[in-house]
Amino acid sequence: MPASKFATGLQCKVCGKLYPKSPINFCTDDFGPLEVVYDYAAIRPHVSRAIIESRPRNMWRYRELLPIDGAPTVGPQVGGTPLIRADRLAEAIGVDRLWIKNDAVNFPTLSFKDRVVSVALSKAREFGFKTVGCASTGNLANSVAANAAQAGLEAYVFVPSDLEKAKILGTSVFGAKVVGVTGTYDEVNRLCTQVAFKYNWGFVNINLRPFYAEGSKSMGFEIAEDLGWRFPKHVVCPMAGGSLIGKIHKSFEELYKVGLVAEAPQTKMYGAQAAGCNPITDCVKANRDRHKPVRKPNTICKSLAIGDPADGYFSAQLIKNSGGWAEDVTDDEIVENMLLLARTEGVFAETAGGVTLAVTRKLIEQGRIPRNEEIVICVTGNGLKTQDCVAEAVDRPALIKPALDAFDAIYAGTREPALV
Amino acid sequence: MALKVQIPTPMREQAGGSAEVVVTGATVKAALDDLTRQHPALAAKLFDNGKLRPYINVFVNDEDIRYLDDLDTPVKDGEIVALIPAVAGG
Ligand SMILES: [Zn+2]
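Residue numbers (our numbering), protein chains in the order written: chain A, 7 to 426; chain B, 6 to 95.
The hints are simulated quantities; they were obtained by calculation from the structure and are not laboratory data.
Quick reminder that beta carbons are idealized off the backbone N, C-alpha and C, glycines included.
Fair warning: there could be bad hints in the mix.
Stated by the list, open to error - Simulated crosslink set (DSS-like; lysine-lysine; CA at most 27 Å straight-line): (1) A:Lys291 to B:Lys56; (2) A:Lys256 to A:Lys298; (3) B:Lys81 to A:Lys302; (4) A:Lys298 to B:Lys34; (5) A:Lys263 to A:Lys27; (6) A:Lys256 to B:Lys56; (7) A:Lys19 to B:Lys56; (8) B:Lys81 to B:Lys34.
Claimed, not checked - Cβ pair distances, simulated, as ranges: (9) B:Glu25 to A:Ala268: 54 to 64 Å; (10) B:Ala48 to A:Gln323: 38 to 48 Å; (11) A:Lys326 to B:Ala31: 32 to 42 Å; (12) B:Asn66 to A:Val179: 55 to 65 Å.
Excised from the complex, chain B in its bound form:
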């Protein structure tokens, strides 16, 4: 099981400069756990007391996980998980 996590520019410093990191896992939670295992500095960026920070949105194949099963959303080989800071607008 290998999938890619896309890292937004402001988090790349904590990901060793990478724009994409290959991870394994069957759910978004597992994939992000593997991501923070590879790049521990990302943990504090993404999570606060184990909860995903409110201004970070996670997309699986262009779908916001808040419309799916949040962190329990299943992911498959070859899929793309994108971390996108919640934005503005309006």
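Excised from the complex, chain A in its bound form:
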């Protein structure tokens, strides 16, 4: 059954003007961002819990609510990540019910970006692009490179040149052409806009962005389904460009609109950033109309280091309208909470996961999130990509000879071990 009739076009989020489905990302009247619109009444009779549950456990089980025409051609295995009941972490931070949505193990590149990229590259193929690209803080670079390789598309990936080595290597390995730019993410992004126009390539987070961003909704669909087709009371989400938090909320509203969940969502959305790059949390806390861009982000959390977030305005509005809040945390708090998450739940999240947990705890301490209501924390990337940040904070392994008495002495505490 073709899905093409369900996504009907694009609409400006500022003025509401309608556009056909095409590789454009802003309104020609006011340059407002465009968003995919759907015919929910048409979708409703085509989806049911039974239909969705009968499909493979990946993001495409919600294909009627994703903007592809026909079958997905890129990333058929993306999504379907675990929602973990985090009882040990809940006890450690003093709350009753806590869940972790763990996209650190998303396939193929260990971050939620595989969700958005699989939609964007499926659309790139539909539109006939042979070359795709992105501006990235790392996770997106990995994902575009891997998924483009699988799709047989040529990929150009632009990154800030000071990015973590693991993320650069994890891009080059897939054969993508990686261009390091001596500048901030925002400067890289600006360059890519010019490249996209000049070369007419499909940039996933520029001219394909309306489609790309929709992929994030699948994270929300999965959370609701795994809770037994209902919505959590509180969701805490990391923010870089500010798109994900809005799409998770949109996913809940859509599940209600198409009748998969009977009650309208009452979920309060909370946004998390690093203190060294906090344009959106600052916008919420200072009650500004528009975010003030951060010129030189300075944090170990590079995946969230976007100083001029594209969805800054809309994410700040959503947080306030939903009854949530936003906070930011220091680099020390980020590391401390990466370790806490790893040591209570066995989840090694990247720095952004440390940001999200640290912010959750801060909001609980402030009384903004009640201790007795259900909380979902979104973990969006894998700690193996940001190992340098925790290297100093973990104990070095003991070094001993291969002899039992050497271990006995260390175990008994009678001898100090050498260190590896």
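Given chain A, work out where chain B with the ligand should sit, using these hints.
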């Protein structure tokens, strides 16, 4: 005082097809006023009730005016003012 304003592709139709327009003015505001005087159709694209639209960024010599003095940022002979739609990313 003559400087150039770079026009992004989606606004060129309102600028008579030009990619660059030579204008005069001592501030960004004055330069953009001269631009809309030469090409009145651009006014509605750039401004809403006299305020620069939120999804248009203005750069003077590669520097975003939000880090400078916004529309009051001074400009000099030979400088380049670039109009760039706010973009995406992330
Ligand atoms: Zn518009």
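Ascending list of hint numbers which this structure does not respect: 6, 10, 12
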